[in-house]
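Colleague: Two chains, two separate frames, one set of hints: put the complex together.
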Amino acid sequence: MSESLRYIQAVNAALTWALDSRTDTVYFGEDVALPGGPFGATKGLHKRFGSDRIFDTPISETGFLGMALGAAMTGLRPIAEIMYADFSFVAMDQIVNQIATIRYSSAGRWKAPLVIRMQQGYSPGACAQHSHSPEAYFAHTPGLRVALPATPDDAYQMLRTAVVSDDPVVVAEARMLYPTRGPVRTDAPVEPVGGARVVRSGADVTVVAWSRMVSAALDAATTLAGEGIDVEVVDLRWLNPLDFDTVAASVARTGRLVVAHEANLTGGFGAEIAARAAAECFADLRAPIARVAAPDVPMPAAPALQAVVVPEAATVADAVRRTVRP
Amino acid sequence: MGLPDDYRLMARIRRFEERLTALKDAGEIPGSIHLCNGQEAVPVGACRALRDGDHVTATYRGHGWAIARGVDLTGLFAEMMGRDSALCGGRAASPYLSDPGRWFVGENSIVGAGVPIATGAALTAQRTASGAVSVVSIGDGAMNQGNVHEALNLAAVLDLPLVLVVENNVYSEMSRISDMVRVKQLAERAAGYGLPGRVVDGNDPDAVYDAVAEAVDRAREGSGPSIVEAMTERLVGHYSGDAQHYRPAGEIAAARLREPLARIRAAADADLTARLDAIDAEVDAEIEAAVTAARAVPHPDPATAREHVYV
Ligand SMILES: Cc1ncc(C[n+]2csc(CCOP(=O)(O)OP(=O)(O)O)c2C)c(N)n1
Numbered sequence: 001m002s003e004s005l006r007y008i009q010a011v012n013a014a015l016t017w018a019l020d021s022r023t024d025t026v027y028f029g030e031d032v033a034l035p036g037g038p039f040g041a042t043k044g045l046h047k048r049f050g051s052d053r054i055f056d057t058p059i060s061e062t063g064f065l066g067m068a069l070g071a072a073m074t075g076l077r078p079i080a081e082i083m084y085a086d087f088s089f090v091a092m093d094q095i096v097n098q099i100a101t102i103r104y105s106s107a108g109r110w111k112a113p114l115v116i117r118m119q120q121g122y123s124p125g126a127c128a129q130h131s132h133s134p135e136a137y138f139a140h141t142p143g144l145r146v147a148l149p150a151t152p153d154d155a156y157q158m159l160r161t162a163v164v165s166d167d168p169v170v171v172a173e174a175r176m177l178y179p180t181r182g183p184v185r186t187d188a189p190v191e192p193v194g195g196a197r198v199v200r201s202g203a204d205v206t207v208v209a210w211s212r213m214v215s216a217a218l219d220a221a222t223t224l225a226g227e228g229i230d231v232e233v234v235d236l237r238w239l240n241p242l243d244f245d246t247v248a249a250s251v252a253r254t255g256r257l258v259v260a261h262e263a264n265l266t267g268g269f270g271a272e273i274a275a276r277a278a279a280e281c282f283a284d285l286r287a288p289i290a291r292v293a294a295p296d297v298p299m300p301a302a303p304a305l306q307a308v309v310v311p312e313a314a315t316v317a318d319a320v321r322r323t324v325r326p
Numbered sequence: 001m002g003l004p005d006d007y008r009l010m011a012r013i014r015r016f017e018e019r020l021t022a023l024k025d026a027g028e029i030p031g032s033i034h035l036c037n038g039q040e041a042v043p044v045g046a047c048r049a050l051r052d053g054d055h056v057t058a059t060y061r062g063h064g065w066a067i068a069r070g071v072d073l074t075g076l077f078a079e080m081m082g083r084d085s086a087l088c089g090g091r092a093a094s095p096y097l098s099d100p101g102r103w104f105v106g107e108n109s110i111v112g113a114g115v116p117i118a119t120g121a122a123l124t125a126q127r128t129a130s131g132a133v134s135v136v137s138i139g140d141g142a143m144n145q146g147n148v149h150e151a152l153n154l155a156a157v158l159d160l161p162l163v164l165v166v167e168n169n170v171y172s173e174m175s176r177i178s179d180m181v182r183v184k185q186l187a188e189r190a191a192g193y194g195l196p197g198r199v200v201d202g203n204d205p206d207a208v209y210d211a212v213a214e215a216v217d218r219a220r221e222g223s224g225p226s227i228v229e230a231m232t233e234r235l236v237g238h239y240s241g242d243a244q245h246y247r248p249a250g251e252i253a254a255a256r257l258r259e260p261l262a263r264i265r266a267a268a269d270a271d272l273t274a275r276l277d278a279i280d281a282e283v284d285a286e287i288e289a290a291v292t293a294a295r296a297v298p299h300p301d302p303a304t305a306r307e308h309v310y311v
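Respectively, the protein sequence lines represent chains A and B.
All letters in the first sequence, in the order written, are residues 1 to 326 by this note's numbering.
All letters in the second sequence, in the order written, are residues 1 to 311 by this note's numbering.
Chain B on its own, in the form it takes in the complex (with noise of 0.2 Å):
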C-alpha cells in the first residue's frame, strides 16, 4: 500500500486516459469521452480504504474509478470502443459503465443521479448486514442538484452506510463552482444533514486514504453517512474536444505542477526515479496489451439489440 503501489495505479488510469484520447482521435472510439486526468489520486486513495464487497457508484468521469476498483482494462477498452465487451457488451460506452463482478455500480451521466442509488446499495448493506460500504462520488456541480440533497437527507436519517466522495475540480463543464455556490467549501453543507464533512488534498492519495477511511469506518461500525470533499484540478477539457477557453491563461501549466503523478517524481530520489521508471513502462505494456486485446473484441450482433430490455 502506499507508493509505489498508488503510483502504479494513477499512473495506469493516467496511461489509460491517453491512450483513450489517442484512439478518440483516431476514430476508434465514437462517443464522447470524459477524463479524469489529474484526478487520480481521488479513486485511488479512496478505493485503498475499500474491500470486496464494498459498492462504488461513479459519474460519467468514472474510468479512474472503475481502474482503482480493478475493472478489466480490456473489456474498458473494448466497450468505449463500441465493441461487444464483457462488460456491457458495447450499450454503455464511456459515461455509462458498470461491472457487478468488481462491485462498481458504474457511472451515471445524469449528474447526481448516482447518489440515491448509492444510498439504495448502502441499505442492502445495512438491511443484509454484509459489513459492507457504498461509496459514491460525484463533481463539486452536481452538489447543487436536487436528488443529492434528497439522497443525502436519506441517508442520514437511515444511518445508512455511505460514503459520498465530492471531487471538486473547481470546474463543471464551463462554469467555475465559485459562481455556483455561496459556501467556501462544499463539504460545509454536510452540517445541514447532521453529517461529518471533510476537506482534504485531493492530489495526495494518501490524504485521501486517511479521510475515506474514516468516513469507511465509521460507515461500517454503524454511525452513517460522511463527506469528503477532494481539491484537485481538470488537466484536460470537460469532454473530449473541449477547447477550455473559459480557464484563465497558465492555469493549466500551474495544475500540471500539483498533479499526483508529477508531485510524486518531483520529491523522488534517483532510486526512486528508477523504480517509477520502471513501473511506467510496466504499465505502458500492460495498457498496450489491452488495447491489442480490445481490437479484437467483435463489435455487437446487431441481432441483439432487442436483448436484454427485459428478464
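Here chain A stands alone, though its shape is the one from the complex (with noise of 0.2 Å):
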C-alpha cells in the first residue's frame, strides 16, 4: 500500500507507527506533546499516545539528550527532537562524548538504543545560526548512525529503521523538503540501517548526493540530459553506515565523480567520499573528483548572499560540465 504524503506528513506516520508498535518508545523535545511541534510533525500524537509517551520539555538540550541516554541505557527507547540541527551544538557533548561512546566504552554492556531527530539547513532569510548542515560532525563520531531522508518515502523509513536500531541514530530531515509530496509505502517491512540508492541511472558521470541536493542533483540531471550527458544520481541516504560499494559500483560504470551536499566545503562529508574514491576507485576514474558544496562562510541572512552561497541545480550542473567536458 502507498500513500501520497508530504515530507512532514511521513515523519508523523512514522513516529505513530512507532509509538504504535513500541510500547517502549517515548518520545520528548520542545513544544511537540500538546503544540504538536514546531513544523507539525508531532501533531495528534499526545492526544492519541497521552503525556506518558509524548510530553514537552524546558529548552535544555543538554538535560534533555543526557535524558534520552540515561532512559535507553535503562530500558527504554527514547526518541529526542532537537528543534533546528544548529541547536544540537548546545548539547554537544552528551552527542559526542556520552551518547556515542557508552557501548564501546564498556565493551558492549550498555547500550544506548535512541534516536536524534532534527532538522536542518537553509531557508530564505534564515540567519547562521538557524541555517546549518552539520551531518559531517556527527559523522565524523564513531558510534553515531547518520540518516538524511531525501524524499517522503525515506522520511518514513528511515526514521522507522532508527527507532528499530539498537544503536543511537541522528535523523537529520531538511526543513525544505518538510513540503514536498511523494508515495510513501505505509505497509513495506522495516528496512535494515544503511544502504545507498541509485536514483537516476546514467552513463557519463555519477552525482553523489544526500538531503536536500538529491532533488538539485536530479533537477540538474534534467538539464544535462538535454545538452547529451547522461547522469547518474546516488542518494547515499546514510552517512553511518556509509554503503560505498554503491558508489564504486556507479563510479565503475561512469568513470566520474560530483559529490554534492548543502554544508561548507572543508572537512565536509563530501571530502570523505572523494577520499575513497580516490583510494578505492582510482581506476576508474577518468576525470578529477569534484565537489559541489557552500563556500567557507557561515550562512548570511539576505537572499541575494545566500543566492552565492547555497549549492542548488545549476551549481551541480557546473560541476558536472567541468568533469565530463574539462
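No incorrect hints appear here.
In silico contact screen, one side only, chain B against chain A (beta carbon under 8 Å); selected entries:
id, residue
1, 31
2, 173
3, 300
Note that these hints are calculated values from the structure, not bench results.
These figures come from a predicted structure and were not determined experimentally.
We put the CB at the ideal spot given by N, CA and C, even for glycine.
Modeller: Here it is, written out as C-alpha cells:
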C-alpha cells in the first residue's frame, strides 16, 4: 500500500508507527506534545498516546539528550527532538562524549538505542544560527548512525529503521523538503540500517548527493540530459554506515564523480567520499573528482547573498560540465 | 525622562514592529521575525538606567532593545529586508543583528547563549575599570538553559557588573512557563547563585527603571550581578505566522488592556491625550521615513558573500 504524503506527514506517520508498535518508545522535546511540534511533525500524537509517551521539555538540550541516554541505557527507547539541527551544538557533549561512546567503552555491556531527530539546512532569510547542515560533525563521531532522508518515503522508512536500531541514530531531515509530496509505502517491512540508492541511472558521470541536494542533482540531470550528458544520481541516504559499494559500482560504470552537499566545503562529508573514491576507484576515474558545497562562510541571511552561497541544481550542473568536458 | 519620553520610545518600538509586520506580509522581509509587542516597557525602562558605553545583549526578540539603545531605524529595517544595511550588511537579519556603535552586543537566536557573552562584556568592564555595566535580556524559557546557569554562577563568583533582565511573557514558543518550572517566580532562583532577585511589573517602564537602576548602581559600585524579572505579556504570536491556538480565548484581548501604551492612554486626561496623539503622528512620520530610506538601500553585492569570515 502506498499513500501520497508530504515529507512532514511521513515523519508524523513514522512516529505514529513507532509509538504504536513499540510500547517502550517515548518522544520528547520542545513544543512537541500539545502544540504538535513547531513544524507539525507530532500533530495528534499527544492526544493519541498521552503525556507518558510524548511530552514537552524545558529549553534544555543538554539535559534532555542526557536524559535520553540514561533512559535508553536502562530500558526505554527515547526519540528526542532537537528543533533546529543548530541547537544540537548546545548538547554536543551528550551526543559526542556520552551517547556515542557508551557502548564501546562498556565493551557492549550498555547500549544506547535512541534517536535524535532534527531538521537542518538553509531557508530564505534564516540567519547563520538557523541554517547549519551539521551532518559531518555527527558522521565524524564513531558510535553514531547518521540518516538523511531525501524523500517522503525515506522520511518514513529511515525514521522507522532508526527507532528499531539498537544504536544511537541521528536523523537529520531537510526543512526545505517538508512541503514536498510523494508516495510513501506505509506497509513496507522495516528496512535494515544503511544503504545508498541509485535514483537515476546514467552513463557519463555519477553525482553522489544526500538530503536536499538529491533533488538538486536530479534537476541538474534533467537539464544536462538536454545537453547530451547522461548523469547517474546516487542518494547516499546514510552517512553511517557508509554504503561505499554502491558509490564504487556507479563510478565503475561512469568513470566520473561529483559529490554534492549543502554544508560548507572544508571538512564536509564530501571530502570523505572523494578520498575514498581516490583510494578505491582510482583505476575507474577518467576525470578529477569534483565537490559541490557551500563556500566556507557562515550562512548569510540576505537572499542576495544566500543565492551565491547555497548550492543548487545549477551549481551541480556546472560541476558536472567541468568534469565531463574539462 | 519618564512620560512622555517613555511613551515616545515605546510607541516607536510598537510602530516599528507593526510596520515590520506589514512589510513581512507584503513579502519585503524574507526570514521569520519575532515581535516584542506588549513588552516595550522592559527595554525602555531598562535602557533609561544606562549610559553610553554600557553594553546590552538581547534575544532574537530584541528589536525593542535595539531601538531603546538608539540603533538607527533605517539600518534596522534594511537589515531585516535583507539589504546591505549599515548594521550587518544583510548577514544577520531580524534574529541576530547587532550594532557595536550603540554598544548593542546584539541579539542571539540560540536560547540563553547571550548570557555567557554578556558575562564577558562585564568582565571587560571590570578588568578595564571602565565603569560600564552589561545588561542582558532573556525570556522566561531561557532560564532553563544550561548556559544561563553556568554564566550566572560565573558572574556571581567574579562579582561582575552584570544585570540579567528576564522578560517573563508567560510563554516559550507554544509552552507555558508554568508547565516548565516548579518555582513561582524565576527571580527566586537568584538566591541559588547568591544574588539579589526582584520581580517587577514589566508593563510599567518606571517600575522596570527603578529595579534596573538599582541593579545597575550595585553593579557599577562593584557589588556584582543581579536578576530582575519583568512580568509582561506577548500581544502577538511567537513568530510571524504563529496562529496561537495554544492560547486560551480572551487572553490576548485582556492583555491588550494591560499593555504599556494602552495603560498610559487609559490614565491620560484630555491634555495628555492630545500630546500623545501628536507623538504618535511624529513617530508615524519617522517610521515611514525610515522605511523609505531602507528601501533605497541596495541589496548586498553577491561578490562580497565571502567577506568578513576572517580578519
Ligand atoms: C538552544 C535553543 N533551543 C531551542 C530554540 C528554539 N526556540 C526559539 S525561541 C524559543 C522559546 C524561547 O522562550 P523564552 O526564552 O521564554 O523567550 P520568548 O520567546 O518568550 O521571548 C525556543 C524554544 C533555540 N532558538 N535555541
